[in-house]
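Undergrad: Put together the whole structure using the sequences plus the hints.
For reference, the chains in residue letters:
Protein chains: 2
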Amino acid sequence: MPAGSGYRVCVVGLGSMGMGAAVSCARAGLATCGIDLDEGRRKAFAEQGAEAVADCVAKLPKPINAVVVLVVNAAQARQALLGEKGVAHALEKGASVMLSCTQSSDDAKALANELEALGLHVLDAPVSGGPVKAADGEMTVMASGPKQAFEALKPVLDATTSSVYEIGEEIGLGSTVKIIHQLLAGVHIAAGAEAMALAAKAGIPLDIMYDVVTHAAGNSWMFENRMKHVVEGDYKPRSAVNIFVKDLGLVTDTGRSLKFPLPLASTAYGMFLGASNAGYGGLDDSAVIKTFAGIELPEGK
Amino acid sequence: MPAGSGYRVCVVGLGSMGMGAAVSCARAGLATCGIDLDEGRRKAFAEQGAEAVADCVAKLPKPINAVVVLVVNAAQARQALLGEKGVAHALEKGASVMLSCTQSSDDAKALANELEALGLHVLDAPVSGGPVKAADGEMTVMASGPKQAFEALKPVLDATTSSVYEIGEEIGLGSTVKIIHQLLAGVHIAAGAEAMALAAKAGIPLDIMYDVVTHAAGNSWMFENRMKHVVEGDYKPRSAVNIFVKDLGLVTDTGRSLKFPLPLASTAYGMFLGASNAGYGGLDDSAVIKTFAGIELPEGK
Numbered sequence: 124m125p126a127g128s129g130y131r132v133c134v135v136g137l138g139s140m141g142m143g144a145a146v147s148c149a150r151a152g153l154a155t156c157g158i159d160l161d162e163g164r165r166k167a168f169a170e171q172g173a174e175a176v177a178d179c180v181a182k183l184p185k186p187i188n189a190v191v192v193l194v195v196n197a198a199q200a201r202q203a204l205l206g207e208k209g210v211a212h213a214l215e216k217g218a219s220v221m222l223s224c225t226q227s228s229d230d231a232k233a234l235a236n237e238l239e240a241l242g243l244h245v246l247d248a249p250v251s252g253g254p255v256k257a258a259d260g261e262m263t264v265m266a267s268g269p270k271q272a273f274e275a276l277k278p279v280l281d282a283t284t285s286s287v288y289e290i291g292e293e294i295g296l297g298s299t300v301k302i303i304h305q306l307l308a309g310v311h312i313a314a315g316a317e318a319m320a321l322a323a324k325a326g327i328p329l330d331i332m333y334d335v336v337t338h339a340a341g342n343s344w345m346f347e348n349r350m351k352h353v354v355e356g357d358y359k360p361r362s363a364v365n366i367f368v369k370d371l372g373l374v375t376d377t378g379r380s381l382k383f384p385l386p387l388a389s390t391a392y393g394m395f396l397g398a399s400n401a402g403y404g405g406l407d408d409s410a411v412i413k414t415f416a417g418i419e420l421p422e423g424k
Numbered sequence: 124m125p126a127g128s129g130y131r132v133c134v135v136g137l138g139s140m141g142m143g144a145a146v147s148c149a150r151a152g153l154a155t156c157g158i159d160l161d162e163g164r165r166k167a168f169a170e171q172g173a174e175a176v177a178d179c180v181a182k183l184p185k186p187i188n189a190v191v192v193l194v195v196n197a198a199q200a201r202q203a204l205l206g207e208k209g210v211a212h213a214l215e216k217g218a219s220v221m222l223s224c225t226q227s228s229d230d231a232k233a234l235a236n237e238l239e240a241l242g243l244h245v246l247d248a249p250v251s252g253g254p255v256k257a258a259d260g261e262m263t264v265m266a267s268g269p270k271q272a273f274e275a276l277k278p279v280l281d282a283t284t285s286s287v288y289e290i291g292e293e294i295g296l297g298s299t300v301k302i303i304h305q306l307l308a309g310v311h312i313a314a315g316a317e318a319m320a321l322a323a324k325a326g327i328p329l330d331i332m333y334d335v336v337t338h339a340a341g342n343s344w345m346f347e348n349r350m351k352h353v354v355e356g357d358y359k360p361r362s363a364v365n366i367f368v369k370d371l372g373l374v375t376d377t378g379r380s381l382k383f384p385l386p387l388a389s390t391a392y393g394m395f396l397g398a399s400n401a402g403y404g405g406l407d408d409s410a411v412i413k414t415f416a417g418i419e420l421p422e423g424k
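As they're listed, the protein sequences go chains V and E. Every number in the working numbering is 123 more than the matching position in the first sequence, counting from 1. Every number in the working numbering is 123 more than the matching position in the second sequence, counting from 1.
No false leads were mixed into what you were given.
Which copy? The list can't say, so a pair holds if one copy fits it or any two copies do.
Only pairs whose alpha carbons sit at most 30 Å apart, straight line, appear in this in silico BS3-like list of lysine-lysine:
#, residue 1, residue 2
1, 413, 369
2, 324, 424
3, 277, 166
4, 382, 232
5, 324, 351
Don't read these hints as lab results, they were simulated from the structure. Keep in mind that this is a model prediction, so the values were computed, not measured.
TA: This is the structure in structure tokens:
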């Protein structure tokens, strides 16, 4: 259904990714509602094109054609959709749900089964790209599910993404691809921190080290993005240490479930756990570098 | 001294990087000689613009203004420069030596001290970028040393590099930056292998996994370059597993020498050692993925 012809989308979870997705839907001309428990976030979206915002679906206009779930984890997704006052109970048959939180393949399958039993189309569709790309309507989506679900959610996918990878028809594959992606993202942040910490210990100016790596074969997207925060001494959270405690936890769960060894992911998981345990869980994920003792790091201005 | 005015450079070691550097020097109009023990490599450079090639410096025209050392390790560099028939003994005072192999900071310092005692200018100047960039005269150099050494080697740097990072005046800093760069490069290859192995185990088509990662925040230069070999099942060595056994060995040596923990580098080092021990040492470094049992990987055509 094209934008402007009465297609209403409801974004559940107005965090950094959810807000970007919601604003992108509104900008594309979709009637866009937002649900979040936090009043400040609801107000922020109300000022950026929302048709309506609320703390639960009962207070929103109907019918809702599509729901995008961008809460933090599987438990929140289940609660938001199927719990008391859950969004799914307010949907008509044939409406569609895009499950975009990062969760295990098993959790995605279980949730999709229950939603499909209510007559809903479900896409297992985790996202990537970070808040800036989300705000620009340029998320990357790695999705699996029935063709019908892809079609029903096309207006939302068009509004919020620059790339949609169709992994297959089986719910769970999308989540697995996202989890494997997070394995790389998490290891790359931790490796960047380890390298920059060693540079600090060896007396290499960190701005030069950053410059060399970002222009050579040792670069990664995460190194370039996150180690800039270290060079600038700015640990204001864009994505927090605890997000990778969660995501690398899902990675190691996946390895355990498949009985498959993940030596680097397990090591990086330990590093993020160490950072969280040391009190840095709410800081930017680049703060994993603070677990290395005996070095001086740049301080923010 | 500008190209064409009698500046003669001698490249020692005509492997993948050395050949690229040598051909780039010749292409830039420098009189370029090559030394290698392998007749095939000497012949290859003779056909690509060499003024002369030989297995030792005695058979080459003189005077030699600059020497670029691109052998595999510190022991070879020492042997090639200061051993019997060593190149350094054939140089006049004021000639310059660019030490471009990957070696420890301590080895670079010791070698530079002896060369400087002979009246030579020395640059601690490891390189990066891979054979393709080397062939195009677009290596990245991370160099430290006296200003005079930078000036004396300017024609060579101009011919062979697209970026020269001046880390400082102290010999050893360049090598340390390269080693830290290799920490990232090695961890990124091993992480790419771990992620693709997990994808194979989970039933994700590897070409889709590759496509997702290379368009998202989990990407790294090494993932994009090396995991393509895995997708294509092509383990013809561009850079071999054993190179990273050596380089990550230098990384862990550096950590031990500074009493600094390197959890990810140590783990990746173990993975490359495992690959070498399993008989894959001479294959492309992406063959580290072959140490994961119980998965089916694409086979080359």
